[in-house]
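**Student:** Those protein sequences? They're chains A and B, same order as listed.
Note that my numbering has the first sequence beginning at 1, numbered continuously upward.
Note that my numbering has the second sequence beginning at 407, numbered continuously upward.
What the hints contain is simulated information worked out from the structure, not anything from laboratory work.
It is possible that part of the hints are untrue.
Calculated pairs, BS3-like style, for lysine-lysine (alpha carbon to alpha carbon, straight line, at most 27 Å) [claimed, not checked]:
#1 344(A) x 305(A)
#2 344(A) x 446(B)
#3 627(B) x 481(B)
#4 135(A) x 302(A)
#5 481(B) x 69(A)
#6 261(A) x 446(B)
#7 265(A) x 536(B)
#8 320(A) x 302(A)
#9 569(B) x 188(A)
#10 305(A) x 320(A)
#11 627(B) x 569(B)
#12 265(A) x 168(A)
#13 569(B) x 265(A)
#14 437(B) x 627(B)
#15 302(A) x 213(A)
#16 536(B) x 168(A)
#17 536(B) x 261(A)
These stretches of chain B come out as covered by chain A in the derived footprint (C-beta under 8 Å, 3 or more residues) [said to hold, decoys possible]:
#18 437–446
#19 450–456
#20 598–610
Here are some chain A residues the structure puts well away from chain B; computed CB gaps all over 10 Å [as the list claims (entries may be wrong)]:
#21 56
#22 61
#23 98
#24 129
#25 136
#26 161
#27 199
#28 244
#29 366
Positions of the beta carbon are idealized from the N, C-alpha and C atoms, including for glycine.
Here are the chains, one letter per residue:
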Amino acid sequence: MKKIILDSLGQSQHRGFNFRNLLYNNEARAFFFQIATLLIVIGLFYTAIGNLFENIEARGIHTGFSFLKNRAGFDILPFLGNYVVDYTPESPNLSVFYVGLINTLVVAFIGIILSTLIGLLIGIARLSNNYLISKLAGGYIELFRNIPILLQILFWYNLFINVFPHPKQSFSFFDLAFLNQRGLYLPKPIPEEGFLFVGIAFIIGIIAAYFIKKFYKKKHELTGIHTSTWLYTATLIIGLPIIVYLLFGSPLQFDYAILGKFNLKGGMAVVPEFLALTFALSVYTATYIAEAIRSGIEAVDKGQKEAAAAIGLTQIQSLKLIVLPQALRVAIPPTINQYLNLTKNSSLATVIGYPELMSTFGGTVLNQVGQAVEILGMAMLVYLVISLFISLLLNYVNKKMAIQGR
Amino acid sequence: MKQLLKLSAASLLVVGALGVQASTLSDVQAKGHLSCGVSKGLAGFSSADSSGTWTGIDVDVCRAVAAATLGDATKVKFVPLTAKERFTALQSGEIDMLSRNTTWTITRDASLGLNFAGVNYYDGQGFMVKSSLGISSALELGGAAVCIQAGTTTELNLADWGKSNGIDYNSVVSDTNAQTLSNYEAGRCDVLTTDASGLYSMRAGSNDPSEHVVLPEIISKEPLGPVVRQGDDAWFNIVRWSLNAMITAEEIGVTSATVDDVSNNPERERLMGRSGSTHEYVGLNSDWTYQIIKQVGNYSESFERNIGLNTPIGIARGVNALWSDGGILYSAPFR
């Protein structure tokens, strides 16, 4: 911009500087109007924010972030966030923020994995030659895509708490795990001395498996001899930790849930709010992902599949090696959008009381403290950062896929 | 360029206008109706029937203010709010007043930019359980799952009470009364806790009220009352004295049926604005109190009509009786 102006000024000076010339110079005019627009926009924002603070002060509403240090004073439904932060009603409001954040992240994380798996499966099934499978997949998409997600969350939640039995009549899986209307109770692992080495063995196993795979891949490329590596991989990743585990004399105990006066006590409870929310979000988002996958696969030229068949690849190999890598390139951008939507939709959990960011921090704390601007500002920032992070990550993946192709 | 100038001038006006605030009374009179924030449905306090007519003792406070300021108790636009939305709605000016079984606390009064204009129901937090559990005291609740509504003082009271009595519990939080009740009925939790009035109201609304017992413990003070924005003292006075007018009318025995007969009683004449000029001080017509009592009734009428012993909710006056009848209901004098 600057350079062009200088050029045009120089030109004007060459002919003798003249204000009229500057006025009728397209570049200079465009520059002037852009600056003017920018100034007006900044001015508007400045006035609006100034007004906001003036009004808040005039109404005697307390401002600032000191509330974050105050005692929260209320209980949160015990779930992952509580355990990680070690939350009690004595904790400050800032801890509530972290509890909500962790609970939001875990829903987003598990929801993204589940919806991708379901979406991939349904998307491929949709294109199946089998009439029943393709129609079922189509029916699934039409059904779940066309019901509002809020309604689905409420439906699954109320179904869950009404269908499953009271804690006293829980479904029991060999007295190890229990399922009732208050959630899924799993044994809670309590690591003892020496368990750290099992973890280390696991990581070593993964690294070793990676190198073995790389080695045989190279061999394949050089000699054309294909070696199946899954047996080595499985032995390393699963077998190695088990051997270490046994060597250290089983350094892991489990705390099982037992029936108390009202509820099951102990163990690790996965609350129905989480189950219903994650399920509803995954099932709903999967419909969009399935459509993205389908469009991706359909975008792959038919000749590619025919060529794959011609060189003797099986159907599975053709899908895995030829079609999907090309299809994903088309499917990834719309899928990213769905991941973002899923994360943002998780805030609908307030209706069923899952303790995520908006129901704990943006809900109860907001109500106790009343500083809507600060609290909602913080919550908005969190969603913005999560969304930007996801799109950054997937843009990177997208870029990598695209370069490899051509 | 002209277009741009016009546009920017218009936007500046819009943004500038946000800073200007007229008085709530003139706003209400200009609009021709009162916007009153109420609950999303709590029988006896504020709930809408099948034809969309709102009733309840909280609703009656809204109607009294509408009768005083507009001369017509029906000119109220009810805005149903969840517990979480209520203060923001009032702060932002979306509603003119809030009458939504809201507990008066120092934090709310002093830090939210709001003022409580009085108390129309003295309440306390209690517990309701299913009779089949065979529990007779809240102290037996250790280990129970407790259903509770989000964004209320009850969440704080429960945590305090649990701590001081060494009772641990799981709190199951929902956004609305309806979902709280449905969670409790489905068995997601063992106990429902909220203000005792709310418990009675929910019990009355359940399929079989005899299946539920309200436990005897009351663990908190919950004075419920109407709320206005801070900074408009004239409006604050109107709301406070509309409520006081209903209470005073009960004290001196004026009802909607007998309001036309003041029979030379100086107290009644004063209340009805026949003598003195109190109406000028609050900036209303001289018949403002008359309209309240004529159209809405006195406090006792409102109580008995909505939550009294002859209603399905069936609450006795208890502490909400007049001070002269052994309760703590008390209005500053009309003079």
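**Student:** Look at each hint and say if it fits the structure.
**Tutor:** Going through the hints against the structure:
1. Between residue 344(A) and residue 305(A) the alpha-carbon distance is near 38 Å, which puts this suggested pair outside the 27 Å criterion.
2. Straight-line distance between C-alpha atoms of residue 344(A) and residue 446(B) comes to about 26 Å, which keeps the hinted pair within the 27 Å bound.
3. Taking the CA atoms of residue 627(B) and residue 481(B), the gap is near 33 Å; set against the 27 Å cutoff, the hint is violated.
4. Of the pairs offered as hints, the one joining residue 135(A) and residue 302(A) holds, with about 22 Å between alpha carbons and a cut-off of 27 Å not exceeded.
5. With a C-alpha separation of about 44 Å, the suggested pairing of residue 481(B) with residue 69(A) is violated against the 27 Å cut-off.
6. Between the alpha carbons of residue 261(A) and residue 446(B) the distance comes to roughly 34 Å, so the proposed pair goes past 27 Å and is violated.
7. The hinted pair formed by residue 265(A) and residue 536(B) meets the criterion: a straight-line CA distance of about 21 Å does not exceed 27 Å.
8. Restraint check: the Cα-Cα separation between residue 320(A) and residue 302(A) comes to about 15 Å, which is no more than 27 Å; the hinted pair holds.
9. Annotation: proposed proximity of residue 569(B) to residue 188(A) holds, straight-line Cα distance about 26 Å (limit 27 Å).
10. Of the supplied pair hints, the one linking residue 305(A) and residue 320(A) holds, its CA atoms being roughly 11 Å apart against a limit of 27 Å.
11. Between residue 627(B) and residue 569(B), the direct Cα distance comes to roughly 17 Å. Compliance with the 27 Å bound is thereby established for this hinted pair.
12. At most 27 Å may separate the alpha-carbon atoms for a hinted pair to count; residue 265(A) and residue 168(A) meet this at roughly 12 Å.
13. For the given pair, residue 569(B) sits about 19 Å from residue 265(A) by alpha-carbon distance, which is consistent with the 27 Å threshold.
14. The suggested pairing of residue 437(B) with residue 627(B) is violated, with an alpha-carbon distance near 37 Å, which exceeds 27 Å.
15. A distance of roughly 31 Å separates the Cα atoms of residue 302(A) and residue 213(A); the hinted pair therefore is violated under the 27 Å criterion.
16. Between residue 536(B) and residue 168(A) the alpha-carbon distance is near 15 Å, which keeps this suggested pair within the 27 Å criterion.
17. A hinted pair counts as satisfied when its Cα atoms are at most 27 Å apart, and residue 536(B) with residue 261(A) qualifies at roughly 14 Å.
18. Residue count for the stretch 437–446 of chain B with a Cβ under 8 Å from a Cβ of chain A: 0. That is fewer than the three needed, and the coverage hint is violated.
19. Residues of the stretch 450–456 of chain B with a Cβ under 8 Å from some Cβ of chain A number 0, which does not satisfy the need for three, so the listed coverage is violated.
20. Under the rule that three or more residues need a Cβ within less than 8 Å of chain A, the assignment of the stretch 598–610 of chain B is violated, with 0 such residues.
21. Remark: the non-interface label on residue 56(A) conflicts with the geometry, its nearest Cβ contact in chain B lying 8 Å away (cut-off 10 Å).
22. Chain B draws residue 61(A) into its interface by the beta-carbon criterion, the shortest separation being 4 Å against a cut-off of 10 Å.
23. With 10 Å as the threshold on Cβ separation, the claim that residue 98(A) sits away from chain B holds: the shortest Cβ distance comes to roughly 18 Å.
24. Every C-beta of chain B lies more than 10 Å from that of residue 129(A), the closest at about 44 Å, which supports listing it as non-interface.
25. Residue 136(A), annotated as away from the interface, keeps every beta carbon of chain B farther than 10 Å; the closest lies near 31 Å.
26. Separation of residue 161(A) from chain B is inadequate, the least Cβ-Cβ distance of about 4 Å not exceeding the 10 Å criterion.
27. With a closest Cβ-Cβ approach of about 31 Å to chain B, residue 199(A) is found to remain outside the 10 Å limit, as its non-interface label requires.
28. Remark: the non-interface label on residue 244(A) is consistent with the geometry, its nearest Cβ contact in chain B lying 37 Å away (cut-off 10 Å).
29. The beta carbon of residue 366(A) is not kept farther than 10 Å from every beta carbon of chain B, the shortest such distance being approximately 7 Å.
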